[in-house]
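My request is simple: use the sequences and hints to build the entire structure.
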Amino acid sequence: QERIGKLRKTLKKAKKKKGGKVDPARLNALRAQIRESGASVPAPGFVILRPDSSDTEAIQQLLREEKFDVAVLALMESDDGKVSCSSSMPETCQANGFAADAWLREALAPLGGR
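The numbering used here puts the first residue of the sequence shown at 13, with every later residue one more than the last.
Since the hints were derived computationally from the structure, they do not count as laboratory data. Every value quoted in this text rests on a predicted model; they were computed, and no experiment measured them. Some hints here could point you the wrong way.
Stated by the list, open to error - Calculated pairs, DMTMM-like style, for lysine to aspartate or glutamate (alpha carbon to alpha carbon, straight line, at most 20 Å): (1) K94 to E118; (2) K18 to D92; (3) K79 to E89; (4) K21 to D91; (5) K94 to E77; (6) K21 to E89; (7) K21 to E69; (8) K21 to E77; (9) K18 to E48; (10) K79 to E69; (11) K18 to D91; (12) K94 to D64; (13) K21 to D67; (14) K94 to E69; (15) K21 to D92.
Take a look at the structure:
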(Lines of atoms letter the chains of each structure in order from A and count residues from 1; the text may use other names and numbers.)
(Lines give C-alpha, C1' and ligand atoms only; values in the text may rest on other atoms or scores of the structure.)
Protein backbone atom coordinates (compact mmCIF):
# COMPACT_ATOMS: atom_id res chain seq x y z
CA GLN A 1 0.00 0.00 0.00
CA GLU A 2 2.82 2.38 0.88
CA ARG A 3 4.66 1.51 -2.35
CA ILE A 4 1.55 2.33 -4.37
CA GLY A 5 1.33 5.71 -2.65
CA LYS A 6 4.95 6.47 -3.49
CA LEU A 7 4.41 5.40 -7.08
CA ARG A 8 1.40 7.70 -7.39
CA LYS A 9 3.46 10.63 -6.09
CA THR A 10 6.25 9.85 -8.53
CA LEU A 11 3.78 9.69 -11.42
CA LYS A 12 2.15 12.95 -10.33
CA LYS A 13 5.54 14.70 -10.25
CA ALA A 14 6.43 13.34 -13.68
CA LYS A 15 3.11 14.56 -15.02
CA LYS A 16 3.71 18.05 -13.64
CA LYS A 17 7.14 18.13 -15.28
CA LYS A 18 5.54 17.10 -18.55
CA GLY A 19 3.13 20.02 -18.21
CA GLY A 20 0.07 17.88 -17.57
CA LYS A 21 -0.41 17.42 -21.31
CA VAL A 22 -2.10 14.35 -22.64
CA ASP A 23 -0.25 12.23 -25.17
CA PRO A 24 -1.61 13.15 -28.65
CA ALA A 25 -1.31 9.52 -29.78
CA ARG A 26 -3.57 8.45 -26.90
CA LEU A 27 -6.08 11.18 -27.78
CA ASN A 28 -6.11 9.97 -31.39
CA ALA A 29 -6.65 6.37 -30.30
CA LEU A 30 -9.58 7.31 -28.06
CA ARG A 31 -11.02 9.56 -30.78
CA ALA A 32 -10.87 6.69 -33.27
CA GLN A 33 -12.47 4.31 -30.78
CA ILE A 34 -15.40 6.68 -30.24
CA ARG A 35 -15.90 7.31 -33.95
CA GLU A 36 -15.66 3.61 -34.82
CA SER A 37 -18.12 2.63 -32.10
CA GLY A 38 -20.47 5.49 -33.01
CA ALA A 39 -20.54 4.54 -36.68
CA SER A 40 -22.27 1.26 -35.86
CA VAL A 41 -25.24 2.69 -33.92
CA PRO A 42 -28.39 4.27 -35.38
CA ALA A 43 -29.09 7.95 -34.69
CA PRO A 44 -29.53 9.29 -32.11
CA GLY A 45 -26.90 6.92 -30.85
CA PHE A 46 -24.62 6.62 -27.89
CA VAL A 47 -21.30 5.04 -27.00
CA ILE A 48 -20.28 3.83 -23.55
CA LEU A 49 -16.55 3.50 -22.97
CA ARG A 50 -14.63 1.85 -20.15
CA PRO A 51 -11.13 3.28 -20.58
CA ASP A 52 -8.28 2.67 -18.18
CA SER A 53 -8.16 5.01 -15.21
CA SER A 54 -4.93 6.34 -16.70
CA ASP A 55 -7.02 7.75 -19.58
CA THR A 56 -9.22 9.92 -17.36
CA GLU A 57 -7.59 13.20 -18.34
CA ALA A 58 -7.42 12.22 -22.00
CA ILE A 59 -11.15 11.41 -22.07
CA GLN A 60 -12.07 14.62 -20.26
CA GLN A 61 -9.96 16.70 -22.64
CA LEU A 62 -11.32 14.93 -25.70
CA LEU A 63 -14.96 15.34 -24.68
CA ARG A 64 -14.37 18.98 -23.81
CA GLU A 65 -12.63 19.88 -27.07
CA GLU A 66 -14.25 17.65 -29.67
CA LYS A 67 -17.82 17.27 -30.87
CA PHE A 68 -19.01 13.79 -31.79
CA ASP A 69 -22.14 12.72 -33.68
CA VAL A 70 -23.15 10.40 -30.83
CA ALA A 71 -23.58 10.79 -27.10
CA VAL A 72 -20.54 9.52 -25.21
CA LEU A 73 -20.34 8.22 -21.65
CA ALA A 74 -16.96 7.16 -20.29
CA LEU A 75 -16.82 5.23 -17.01
CA MET A 76 -13.46 5.02 -15.28
CA GLU A 77 -12.73 3.06 -12.11
CA SER A 78 -10.09 4.47 -9.79
CA ASP A 79 -7.72 2.45 -7.63
CA ASP A 80 -9.95 2.99 -4.59
CA GLY A 81 -12.93 1.39 -6.36
CA LYS A 82 -14.83 4.60 -7.08
CA VAL A 83 -16.28 5.12 -10.52
CA SER A 84 -16.09 8.49 -12.22
CA CYS A 85 -17.75 9.44 -15.44
CA SER A 86 -17.38 11.96 -18.22
CA SER A 87 -20.00 12.53 -20.84
CA SER A 88 -20.81 14.50 -23.94
CA MET A 89 -24.17 14.97 -25.64
CA PRO A 90 -24.33 16.53 -29.11
CA GLU A 91 -27.11 19.00 -29.87
CA THR A 92 -28.34 16.75 -32.67
CA CYS A 93 -29.17 14.04 -30.13
CA GLN A 94 -30.96 16.52 -27.88
CA ALA A 95 -32.93 17.86 -30.84
CA ASN A 96 -34.15 14.29 -31.49
CA GLY A 97 -35.55 14.03 -27.96
CA PHE A 98 -32.54 12.34 -26.40
CA ALA A 99 -32.43 14.06 -22.97
CA ALA A 100 -28.94 14.18 -21.47
CA ASP A 101 -30.02 14.23 -17.83
CA ALA A 102 -32.45 11.31 -18.21
CA TRP A 103 -29.88 9.28 -20.16
CA LEU A 104 -27.19 9.80 -17.51
CA ARG A 105 -29.55 8.98 -14.65
CA GLU A 106 -30.56 5.71 -16.31
CA ALA A 107 -27.00 4.78 -17.27
CA LEU A 108 -25.58 5.50 -13.81
CA ALA A 109 -28.45 4.03 -11.75
CA PRO A 110 -26.96 0.50 -11.60
CA LEU A 111 -23.77 2.04 -10.20
CA GLY A 112 -25.60 4.01 -7.54
CA GLY A 113 -24.81 7.22 -9.39
CA ARG A 114 -26.76 10.41 -9.51
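Taking the hints in turn, this is what the structure says about them:
no.: 1; hint: K94 to E118; result: 18 Å, holds
no.: 2; hint: K18 to D92; result: 15 Å, holds
no.: 3; hint: K79 to E89; result: 24 Å, violated
no.: 4; hint: K21 to D91; result: 14 Å, holds
no.: 5; hint: K94 to E77; result: 25 Å, violated
no.: 6; hint: K21 to E89; result: 19 Å, holds
no.: 7; hint: K21 to E69; result: 17 Å, holds
no.: 8; hint: K21 to E77; result: 28 Å, violated
no.: 9; hint: K18 to E48; result: 38 Å, violated
no.: 10; hint: K79 to E69; result: 17 Å, holds
no.: 11; hint: K18 to D91; result: 14 Å, holds
no.: 12; hint: K94 to D64; result: 13 Å, holds
no.: 13; hint: K21 to D67; result: 17 Å, holds
no.: 14; hint: K94 to E69; result: 16 Å, holds
no.: 15; hint: K21 to D92; result: 16 Å, holds
Hint check: violations occur at hints 3, 5, 8 and 9; the rest are consistent with the structure.
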